[in-house]
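Novice: The hints should help you fit chain S with the ligand onto chain A, whose structure is shown.
If you read the protein sequences in the order shown, they are chains A and S. Sequential numbering of the first sequence, starting at 1, is according to the working numbering. Sequential numbering of the second sequence, starting at 1, is according to the working numbering.
Quick caveat, the hints were computed from the structure, so don't treat them as lab data. Just so it is clear, the structure is predicted and the values come from calculations on it, not from any experiment. Incorrect hints may appear among the rest.
[As the list claims (entries may be wrong)] Covered stretches of chain A, as calculated for chain S (at least 3 residues, CB under 8 angstroms):
#1 5–15
#2 19–25
#3 52–62
#4 65–78
#5 95–107
#6 127–140
#7 173–180
Yeah, the Cβ is synthetic: ideal placement off N, Cα and C, and Gly gets one too.
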Amino acid sequence: MNRYRLMLIGLLIPTLLMIPYSVISFYTDFANKNPDPLSVTVEFRGKSYDAVEGKKAFEQYQCMGCHTIVGNGAYFAPDLTRAYKRFGENDAALAGFMLSGTPAKGMPPMSGRGMGDEDAYRVVAFLKYTDRLDTNGWPGEGSWDRDGSPDSAGAKKLIGADIWQIILGILLFNLMVFAVILNYERGKEDAGRRKHE
Amino acid sequence: MSEAAMEYPSRARTKKYFTGAVLLFVFQLILGILMGIEFVSRDVSLLPFTFDIYKSLHLNVMILWLLLGFVGGVYYLLPAEVGRDIRYPKLIDVQFWFMLLAGIGIIVSELFFTGRNWWLVEGREYVEAGRFWDILLTLGLLTVVLNIVATVLGGKRKMSAPMLVLCWGAVGSVLMYVPGEIWFNSLVAAEYFRWWVVHYWVEATFELIAAGVMALVLLSMTDVRRKMIEKYLAIEVALILLTGIIGQGHHYYWIGTPGFWLFLGGLFSALEPVPLFLMVWSAYKDLKENKKPVANSVALYMIIGASLGNLLGAGVWGFIHTLPQVNFFTHGTQVTASHAHFATPGTYLFLVLGMAYIAVPAPSGRTTFPQSRGKLGFWLLVLGFLNMIIALLAAGIVQVYLQRIQGVSFMDVQNMLLPFYGWRMIGGAIVLAGGLVIAFDMLMLGRNKGQDID
Ligand SMILES: [Fe+2]
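Isolated chain A (complex conformation) (with noise of 0.2 angstroms):
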């Protein structure tokens, strides 16, 4: 076969195929088994916040930078998707949460970032949607279904302890990987040399 024609059908095949899988995933019954974020509101002082507001203030905020949200993001937080049922569904104490933050454990306090009341009960009706999304399971049961209150472990900080129990053996990692570079290189040097005799 013409080698244009092959890559033509590798690309076209699966393009038009996205199509409809693409309308599938979002124009049918398949699809409506998610909230519809307008829908999904919270109150705080009688005003009412919903979750396309939310999502905007999250983003903004850059949660995704420290958190996962349905699992994608950054690890150095927990997965935030059920955040809201974590916290016992109870929207001041998660709109506390976020204002305040925990230094120590490497979260920071939004408000330090001009986050106030409104934004926070935004962000809350935002995860209060992610909450009730259909995943497919994910992420299953575990430390997250803790009720109503935040992780209670502290943070740790590596010490010197924690590292000499592991020098070693990071060390003869290091010292088998030099010696395999190494040989390499003295193969390729010696192969040169005879080729040149």
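Specialist: Positioned in the frame of chain A, the structure of chain S with the ligand alone reads:
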């Protein structure tokens, strides 16, 4: 080479793309080290900025230098292929400074405006740069496409297959930036299309660039027949697209999309290593047939490193957690971090460095140059990344077991992972040493020949 440089004067203009890329790479490494410190300390008052800021910059700076490297690569390789110089040579300079200024804008926004303005910082992984910068960069990159198209249309010769693949990869990369910039109310839709940017970059369009560049570099450095090198290219490209485009499904398991993606994503992404294996295999066969001594062995090291890193990092490390049955447990853990730190530098870092070692010395008047510094840098990078990859993989396996299977709380598990994070930092320090060696070498090779002291 130097004749070619005279024939195509715009080639000299691409040098700064590569030195710029390498310097930004070093900056990315420093950001990585700062993130490593955050992981072992966690105290938000220890460093001037918080983890998320370093992380976003770590990614955005990488995207920037990848784009610089790829655009520079296309500009460097295209003239000889179509038999004419770049249509608008001045644009090459303008676009470089434009991208650099946009980069500075992104960095300043991230440092000082996170949380303040959504148009400046958007905080979504990989596309953290705010909407304003996204749009600006896309427009800038479209002028690159324009320049490529204008050059190709006015060409004297028909493009060879590898160059065509490379151009399609470059144009596709620009186009694929767009889906990530559309606003969706639904998180599911937003994530769905955010992955169009990320996945279609690293598993489709960038792969095409890699395949094209590898073929062109082997063509220019060896005496292997063109037919032989192009023989596998079409099959590789067809397979990359066939597996990669629907392989997208491996990002759609748990984000709120329908369950049929578990089947589609699992099936197609499990096949993704096949074209990568083919790439290594064909390169191996080409080099075995080659009789010509390769003068620029650093560039060859990098290119071979890229094909092996692609197979192992993207192929094997991707395969181990791409099946939904496994991914259910590994999704969102350090296993993914291990994979990312193998696949991305393993493939695209070495690819860009390989091009840099071809495109920087020649226009400076160097046909031959000492290879030892480049090799030292290469091996330091390999050694450092291997440490990091293994440490993160071990951390990931422990994390999967404790947190995802036993249900131990996140922070408890993080405390137990500290020794692995320490190990990762050592790997990072070795990588930084390698990066510095390469950057120094690049600056030395980039000086014009007359300025040589030695
Ligand atoms: Fe992917």
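Novice: Going through the numbered hints above, which ones does this structure break? Give me the numbers in ascending order.
Specialist: none
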